[in-house]
Amino acid sequence: MVDPAPREVSTSSTDGSGPTSGSEESSRTVVDASELARSLSRIAHEILEANRGASDLVLLGIPTRGVHLARRLARLIEGIEGSPVRVGDLDITMYRDDLRSNPTRNPARTSIPGRIDDAVVVLVDDVLYSGRTIGAAIDALRDLGRPRAVRLAVLVDRGHRELPVAADHVGRTIQTAADERVQVLLTEKDGHDAVTISRGGNR
Amino acid sequence: MRHLLSCADLDLATATGILDLAEEMQQVQSRPVKKLPALRGRTIVNIFFEDSTRTRTSFEIAGKWLSADTINVSAKGSSVSKGESLRDTMLTLDAMGVDCFVIRHSSSGAAAQVASWVRAQVVNAGDGQHEHPTQALLDAYAMRQHFRTVGAEGFAGKKIAIVGDLLHSRVVRSNVLLQHTLGGEVVLVAPPTLLPTGVENWGCQISDDLDPVLGEADIVMMLRVQRERMAGGFFPTEREYTARFGLTEERLAAMKPDAAICHPGPMNRGVEISSAAADAANSLVLDQVAAGVAIRMSVLYHLLGSDEGAVH
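Sequence lines, in order, name chains A and B. First residue of the first sequence: 1, per my numbering; consecutive thereafter. First residue of the second sequence: 1, per my numbering; consecutive thereafter.
Because the hints were derived from the structure by calculation, they are not lab data. Check before you lean on any hint, since a few could be wrong.
What the hints assert, rightly or not - Covered stretches of chain B (chain A as the covering partner; in silico rule of three or more C-beta atoms under 8 Å from a C-beta of chain A):
{"id": "1", "segment": "18 to 30"}
{"id": "2", "segment": "33 to 43"}
{"id": "3", "segment": "302 to 308"}
From a predicted model like this one, the values you see are computed outputs, not experimental measurements. A virtual CB, placed ideally from N, CA and C, is assigned to each residue, including glycine.
The shape of chain A in the complex, shown without the other chains (with noise of 0.2 Å):
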């Protein structure tokens, strides 16, 4: 589908609860962290309720920050269930559709926490934009065994997807332009949680 809102709309009207924080030239926080913490609680939840508990529940985190955000849902549903959940990193750039127009990457770490046969894979990533990445993802799962269900869940959809992908579970929808850049800010790599837009610079 073809966004039929012209670019220049959406600055200011996309997300008229969240606090906006104008002080970084043209970047202005949507989510702030206790926003943050209360999405991701309520995904644990979500998950373990489609689910109808941890079992067989295997977590991957796309890397850089989806690791993260899946490691904090891995400990959120530890806490609501008791039990642990297997949880892991997934790195998709080998399977990128885009690999060999961009200049060499390093592929990060892929851990799978044993097998993901039959196994219900939850796919965490921080931000839903075109889909390509899960593209990807599901790719790389079917080198790596046959889950009996696959579920994405991420912490912000900002729309213009452009491969029919959705989200089963999403913390926030941010309605962007395509020149926005939606950032998401996690404690163990940016020093604090917050998801910010800013102009210019596409992602």
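Fit chain B to the supplied structure of chain A, relying on the hints for placement.
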């Protein structure tokens, strides 16, 4: 990266990147589907003008596991035996749309020469007595794994003794260059007749006495006595060579604790290395072989994974 012709082409970031990725690639061997799609649609020709089993096979497997189409050409039975020049052979293959040549040749500098002629990217899989960069990389990979098991990270402050027939070895030069980049300290040990010319300019300590070096080396790399390249006269007898430069059972016991043994193979048991040393618990010989495919996957990915190294 356009070509891999010499370890001098590798800066620290690239060399470390290749070693890191090889660790990931090693995992592919234990996956249900031993294949990654990264080099789909690329054509790699392994052209070997000299015999080789392990290098050629591991390059072929590496290419296939990355989904490239790999083709082996051996000089025997090719147009080379009909008198075609190296240049014409390579230009002919290049014109077929090959993306990468993996080349081994008995002449030093052959790979670099080929790289100057063809449009394809070139990996040097051994050129005469000059270089063999992927061997040095897999040596470094096995050493790094070993250092980790004894609780050390990286090559800084590590002493690597390379012992034996340095004159006919292409592994030694690549190892010296790579260790210079990675930060290891190389000590060369050989009889004066088996030292390459110009070795004094390599920036390494040189010795003709193995025993004092043995007590302080973290890695002892034994090189094969390449009898097929020797017209004789390099040392009096094999027994005398073994007595002075062989890694005998007594010398094995004199090694520093936590030190490990490397050998690029094929080994002459009883000549440069005793069976006790070759099969010792601290021998990395089989680790080196096991690293071969992973290192070559990593190298091929670094060369061909992105279009930036290709000519359009």
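Here is what the structure says about each hint:
Under a criterion of three residues with beta carbons nearer than 8 Å to beta carbons of chain A, the stated coverage of the segment 18 to 30 of chain B is upheld, 4 such residues being counted. For the segment 33 to 43 of chain B, the stated coverage by chain A is satisfied: 5 residues place a CB nearer than 8 Å to a CB of that chain, which reaches the threshold of 3. Interface restraint, the segment 302 to 308 of chain B with chain A: holds (5 residues with C-beta to C-beta distance below 8 Å; minimum three).
When held up to the earlier numbered hints, the structure conflicts with none and fits them all.
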